[in-house]
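A.B. asks: Spelled out from the first residue to the last, the chains are:
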Amino acid sequence: MPEEASENFAVAGLPMDGEPLRKFEDSTINVEDLDLWYGQKQALFGVNLSVRKNHISALIGPSGCGKSTLLRTLNRMNDLVDGCRTEGKIELEGQDIFASDLSTLELRTRVGMIFQKPNPFPMTIRDNITYGPKLHGITDRKELDVIVEESLRKAAIWNEVKDRLNTSAMALSGGQQQRLCIARALSINPEIILMDEPTSALDPIATSKIEDLATDLKKDYTVVIVTHNMQQASRISDYTGFMYLGKMIEFGQTKEVFNKPRKELTERYITGRFG
Amino acid sequence: MKKFETDLNNLVDQTASMGDLVTSLLDKSINALCEQNYSNANEVIEEYRKVDDFDNSIEEAALQILLLYQPTAIDMRIVATILKDITYMERIGKYSNNIAKAALYLKDREVVDHMEGIPEMGKIASEMVRMVTRAIKTRDISKFGELRSMDDKLDRYMLKIVDNNVAIMHEYPFTVDSCTYYISVSKYLERVGDHACKIAEKVTYMVTGERVNID
Chain A
1 MPEEASENFA VAGLPMDGEP LRKFEDSTIN VEDLDLWYGQ KQALFGVNLS
51 VRKNHISALI GPSGCGKSTL LRTLNRMNDL VDGCRTEGKI ELEGQDIFAS
101 DLSTLELRTR VGMIFQKPNP FPMTIRDNIT YGPKLHGITD RKELDVIVEE
151 SLRKAAIWNE VKDRLNTSAM ALSGGQQQRL CIARALSINP EIILMDEPTS
201 ALDPIATSKI EDLATDLKKD YTVVIVTHNM QQASRISDYT GFMYLGKMIE
251 FGQTKEVFNK PRKELTERYI TGRFG
Chain B
276 MKKFETDLNN LVDQTASMGD LVTSLLDKSI NALCEQNYSN ANEVIEEYRK
326 VDDFDNSIEE AALQILLLYQ PTAIDMRIVA TILKDITYME RIGKYSNNIA
376 KAALYLKDRE VVDHMEGIPE MGKIASEMVR MVTRAIKTRD ISKFGELRSM
426 DDKLDRYMLK IVDNNVAIMH EYPFTVDSCT YYISVSKYLE RVGDHACKIA
476 EKVTYMVTGE RVNID
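Chains as they are written, first to last, in our numbering: chain A, 1 to 275; chain B, 276 to 490.
Source of the hints: derived by calculation from the structure; they are not laboratory data. Be a bit skeptical, because a hint or two may be false.
[Stated by the list, open to error] Okay, the calculated beta carbon distance ranges per label pair:
1) A/G272 - B/T413: 18 to 26 Å
2) B/K435 - A/D238: 49 to 57 Å
3) A/S173 - B/S332: 39 to 47 Å
4) B/N284 - A/Q231: 18 to 26 Å
5) A/K53 - B/L341: 29 to 37 Å
For each residue, glycine too, the CB sits at the ideal point set by N, CA and C.
In isolation and in its complexed conformation, chain A is listed as follows (with noise of 0.2 Å):
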């Protein structure tokens, strides 16, 4: 099951309008009036979001708000899941990503994603970065040497491995192999990158590691990522939106959201009087 059992608390009497569309000028991704099912179940409702390009946008919410079915949206994962539908417009750089003329594997080269729980491939750290580029028909030894080098410095664990890259990437410590998990998203050159609770698996040192590299990457990528930790969004994201029971209850600026949010319910949930 793609989300996990709804924890939601009825918040009594306050309102639960939904944020309307706010086209970012430099937008990436934007997401209009999407409504999700999973077979009978609605999980979306009416959600809008603006993706502000090479900046990074944290979507935050009670478990079960819809947060990770909206991110799995975003490269059409929750295609996987059967009985999933949805109704709306999402678009990518203006081409709508529901539309027969882009393959799932063409949106999701553009859109790379990094899961809760590192999941490198049981083989060796050097095969884990080829593998997407020799699927996209790269063989030449010498261009997939530089993407390996490139990719692992950009996730900011080229130190730690490159003299070890023909072992087993499941010999890395979690936070080697999140990071590892990123560099493979990174080696196919993705626009976005999708993040859905990457820390919550590590201690507070991969933490960090993992929060600096999501910064440094906004330079080169815009990154939208799930996490149940405010802190986190507080420190790293440019943008929040806050989820609620499947809706997009406020987005904005995160300096704004945690210290003067805008909605009533915002507000109860950050300050952790809810329910």
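Take the given structure of chain A and dock chain B to it, following the hints.
C.D. replies: Then chain B, alone, in the frame of chain A:
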């Protein structure tokens, strides 16, 4: 969460108590100077130590809350506001202490009756401090609009007191001691007004999230 609420409420209560203390010190110091009530002067000097104690203990409790709970939104604004406001309050306590010391200094000195304006300034300054420190607890900022004109009054009184006392010193050189002190006291009270306005700015930020300029 319950412990957090308790800790935060205690922090606000302690700050309100510190506000009550400095207001009472200010009242007593003005009374000591204007009514030659020297026991009040001694009390102010004695109780001023408690202001320092409040300053330290509240700062420590606020930092503890930041460390333990990493508050956000209104909670974060409360802690941030309190961290600033206790410094303003400590200064108000210090000025009250200085006024009490001035009262004792002038006790055996030859003075003429040229205190005009100081009791009035004391009353206005005290009311300003009372108004803003109470709001930290009540979050009622509806009367803050009056602060600017109160602060202007203090400024005008101070200029008038300086002029008067300079003129008196020219005419009666034996009053130099007392006139110099009265001028200083008027400056202290003018500063108290400024600090009250700064507290009001922070409390407004705490309540609304908006930054305003009052003084």
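A.B. asks: Work down the list of hints and note, for each, if the structure agrees.
C.D. replies: Do the hints match the structure? See the list:
no.: 1; hint: A/G272 - B/T413: 18 to 26 Å; verdict: holds, 23 Å
no.: 2; hint: B/K435 - A/D238: 49 to 57 Å; verdict: holds, 53 Å
no.: 3; hint: A/S173 - B/S332: 39 to 47 Å; verdict: holds, 43 Å
no.: 4; hint: B/N284 - A/Q231: 18 to 26 Å; verdict: holds, 23 Å
no.: 5; hint: A/K53 - B/L341: 29 to 37 Å; verdict: holds, 34 Å
Checked against the numbered hints above, the structure breaks none of them.
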